[in-house]
Structure formats: structure tokens, C-alpha cells
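*Asks:* Start from the sequences, fold in the hints, and give me the full structure.
Residue numbers (this note's numbering): 1 to 240.
There is no bait here: all hints are sound.
Here are the simulated BS3-like cross-link-like pairs (lysine-lysine), alpha carbons at most 27 angstroms apart as the crow flies: (1) K44 - K56; (2) K44 - K74; (3) K20 - K56; (4) K56 - K115; (5) K74 - K115; (6) K56 - K74.
Derived by calculation from the structure, the hints in this document are not laboratory data. Just so it is clear, the structure is predicted and the values come from calculations on it, not from any experiment.
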Amino acid sequence: MTADVSSGLDVSIFDDVIEKCGTDARRQLANQLGMLLANPDTPKGERVAVVPSVLKLAVDSVSEVRRTLVAGLKRAPELHPDVFFSVVADQDDIALPFLAATPALDSWRMLTILKVGDVPRQVQIALRHDLTAQCIDWICERGDVTACLALFQNEQLSLTDRNCHGLYQRFGQVAEIVEFLLVRPDLPLDIRITQTKRASNRIHQLMAERGWVAANDAAELVVDAEETAVLKVLVNASVS
1 MTADVSSGLD
11 VSIFDDVIEK
21 CGTDARRQLA
31 NQLGMLLANP
41 DTPKGERVAV
51 VPSVLKLAVD
61 SVSEVRRTLV
71 AGLKRAPELH
81 PDVFFSVVAD
91 QDDIALPFLA
101 ATPALDSWRM
111 LTILKVGDVP
121 RQVQIALRHD
131 LTAQCIDWIC
141 ERGDVTACLA
151 LFQNEQLSLT
161 DRNCHGLYQR
171 FGQVAEIVEF
181 LLVRPDLPLD
191 IRITQTKRAS
201 NRIHQLMAER
211 GWVAANDAAE
221 LVVDAEETAV
231 LKVLVNASVS
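*Replies:* Encoded structure:
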């Protein structure tokens, strides 16, 4: 590769280091290029010129070289898509901290990672403070249950009624999901009522199976309890 005249950088030097020098030299270069891209004042021409070299370092056979590069890249305000996704595809201890910190993650990239990434990457996206509404919808409708649980740990986002219904429809039998939903003061009323009825049915089945009371008596007790619980939900809703 020859010097890039438009940027003023002689990028051929970078290739010489990558192809001919040892690990320490490549780490130093990775550090320099990472800082170059992390600097918001770096001209666009220089950012473009170093992409081929950065891509080579991003797939270096030595993990410490890649780790050093990513230490700078995770602060870069923008990154070429090939560089970005090369880092995302790296081993978890490099890729996940990058995903947690990078500002170069727009809605399209978030959604792409959710669609093609594994569970740890879905979870990391779910924890992002800048998670977009489109990505929240995708996680609630299609994401792994672990990623859905991660949403409840993200204090920066709010779930819509549609999100709550999607989660309850998919994971209404998953205790952790239901518990997180029930503690939300804005949970749609129909979900609370449905969950109350489900709980009553389970109690009825348990009482019948264990023969604690006669079947008819158990049914009447459960109906009374269900009606009382539903009434309580409605009263609380009207008060709030």
C-alpha cells in the first residue's frame, strides 16, 4: 500500500509493522491507531486512510494486540462498519466491554447485532442506556429470555403496553419475567387480571390434587378468592 496523499498519512508504514514486526511493535501500532480514531478531532480523511490497517489489527492472531486496539476504539465517536463488526465478532472478553462502551452504535447496528448476535451480545445491547424503541420492541418480541430479563435491569428505559403484552404472551410461565412485570406500577390492567386468574387456577389444581378439601368446596373457595383478587386489582387501578 502506498502513501495516502489525500490524508497526508504514509499508511504503508503501518503495513510494514503489521507484516514484518513482532507483537510489541504491533501492540504499539494498535495503541496509536486506536487513539487516532478515538480522537474526535481526527480528520475524516485520516480515519478512512487507516481502515485497512485497523482491520488487519482487529483480526491479529495475538489477543493482546486486538485488546489494545479496542481500548482505543471503544471511545471512537464513529467507526467504519467493517471495523465495528470485526470487534463485535471477537471473543467475549473483548467484544462485550466494547459493546457496553462504544458511542459508535446507532439503531441500525444495535438491531443488526440483536438479529445475528448470540445471547451475551443481545444482553449487552439490552443493557445499553441509549437502547432505541425499535430495539426494545425486537427484544420483547423475539429476544432470548435472558436478554428480556436484562431489560428490567436497564433503569434508563421504559416499556410500553405493547412491550409488556409481548413479554407476558411469550414468557407468562417464566416466574422471573412475571415477577418483574407485576412490580411495575404501569403494568396493563388486563395482564394483572389474567395473572390473578392463573394463580387462582393453580391453587385450585393444587388443592384438588392433594385432597386438602372436597373438590366442590375447593372450587368455591378459589372462585371467591379470584373474585376478591380481581376486585382488589380494579380498586387499586381506579385509585391510582
